[in-house]
Amino acid sequence: MAKRPPITNRVKELREAHGAMSQAALGEAIGVTRQTIIAIEQGRYSPSLESAFRISRVFGVGLEDVFGWAGD
Amino acid sequence: MSFHEKSAWVMGLIMIAGMAFYFRTVAAMSEGLEQLAPPVLPLVVVYIVVIVVLSIIGHIVIAVSRPSEADDMMDERDKLVAARAGNIAGLVLGIGLISALGGYLINYDGNQLFHAAFGVLMVSQIAEYAARIVYYRAEV
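Just so you know, the sequences run in chain order Z and W.
Residue 1 is where the first sequence starts when you use UniProt numbering, and the numbers rise one by one after that.
Residue 1 is where the second sequence starts when you use UniProt numbering, and the numbers rise one by one after that.
Fair warning: there could be bad hints in the mix.
Said to hold, decoys possible - As a list, the in silico SDA-like pairs of lysine to any residue whose alpha-carbon atoms are at most 25 Å apart:
| # | chain 1 | residue 1 | chain 2 | residue 2 |
| --- | --- | --- | --- | --- |
| 1 | W | Lys6 | Z | Gly27 |
| 2 | W | Lys79 | Z | Phe67 |
| 3 | Z | Lys12 | W | Lys79 |
| 4 | W | Lys79 | Z | Leu63 |
| 5 | W | Lys6 | Z | Leu14 |
| 6 | W | Lys79 | Z | Arg4 |
| 7 | Z | Lys12 | W | Tyr22 |
| 8 | W | Lys6 | Z | Ser46 |
| 9 | W | Lys6 | Z | Gly62 |
| 10 | W | Lys6 | Z | Leu63 |
| 11 | W | Lys6 | W | Ala100 |
| 12 | W | Lys79 | Z | Ser48 |
| 13 | W | Lys79 | Z | Gly43 |
| 14 | W | Lys79 | Z | Glu28 |
| 15 | W | Lys79 | Z | Ala29 |
| 16 | W | Lys6 | Z | Phe67 |
| 17 | W | Lys6 | Z | Arg34 |
Keep in mind that the hints were calculated from the coordinates and are not lab data.
The task is simple: from the sequences and hints, build the whole structure.
What follows is the structure in structure tokens.
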């Protein structure tokens with residue numbers, strides 16, 4: 001079984017800051033399912049680089065404003 | 001729970017039921033013959049038809065229970081889960097088939113080889129659906 005990815009994220013925080021955008025709406029905006037957004041927020045899945053860029057572009061912030069390395 | 005995870009549950013349960021049906025029938029036939037029953041085409045056909053029909057019904061039920069998710073395409077996480085689960089299924093299939101062939105080299109029993117190989121195909125499918133469920137619930 002894979003270990004929990006060492007990547008942290010602020011997706012939930014940013015989503016709530018953007019007019020309480022729903023998980024489904026964010027998923028639709030970047031081309032993944034709502035369940036994948038839930039898994040990303042819970043730290044159970046690290047998105048592909050493309051999806052990571054798409055998420056940061058939806059929120060209008062840089063990649064490192066959304067994702068970080070655990071322990072940094 | 002996503003459509004694809006529900007699908008894995010449904011298919012896993014159907015495959016377990018199908019496997020139980022097949023081997024219970026083979027066991028009953030073997031009892032009558034007082035030896036391992038040979039593989040028979042009607043049983044294999046019935047098994048396949050039942051699996052196909054049940055999986056169609058199962059997927060209709062899942063789709064009706066949440067129509068908004070029924071046409072969800074596999075996204076990147078679904079594909080990763082499917083690939084990793086497929087890897088496990090391939091491993092199970094490979095080890096199982098080698099074991100079945102090894103059994104044939106010892107017993108020279110073609111009937112046993114058929115049932116073992118068919119059973120291994122079923123077990124590898126069940127392993128794939130079980131692995132998908134585990135990956136969906138844990139970290140990928």
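Do the hints match the structure? See the list:
1. W:Lys6 - Z:Gly27: Within the cut-off at roughly 19 Å; holds.
2. W:Lys79 - Z:Phe67: Satisfied, since the Cα-Cα distance of roughly 22 Å is no more than 25 Å.
3. Z:Lys12 - W:Lys79: holds (24 Å)
4. W:Lys79 - Z:Leu63: holds (24 Å)
5. W:Lys6 - Z:Leu14: Violated - the C-alpha atoms of Z:Leu14 and W:Lys6 are around 30 Å apart, more than 25 Å.
6. W:Lys79 - Z:Arg4: Distance of about 18 Å is within 25 Å: holds.
7. Z:Lys12 - W:Tyr22: Not satisfied, since the Cα-Cα distance of roughly 48 Å exceeds 25 Å.
8. W:Lys6 - Z:Ser46: With Cα atoms ~22 Å apart, W:Lys6 and Z:Ser46 stay inside 25 Å; holds.
9. W:Lys6 - Z:Gly62: Outside the cut-off at roughly 35 Å; violated.
10. W:Lys6 - Z:Leu63: violated (33 Å)
11. W:Lys6 - W:Ala100: Violated - the C-alpha atoms of W:Ala100 and W:Lys6 are around 32 Å apart, more than 25 Å.
12. W:Lys79 - Z:Ser48: holds (12 Å)
13. W:Lys79 - Z:Gly43: Between W:Lys79 and Z:Gly43 the Cα gap is close to 18 Å, so the pair holds against 25 Å.
14. W:Lys79 - Z:Glu28: holds (17 Å)
15. W:Lys79 - Z:Ala29: Satisfied, since the Cα-Cα distance of roughly 19 Å is no more than 25 Å.
16. W:Lys6 - Z:Phe67: Between W:Lys6 and Z:Phe67 the Cα gap is close to 30 Å, so the pair fails against 25 Å, i.e. violated.
17. W:Lys6 - Z:Arg34: Holds, at about 14 Å.
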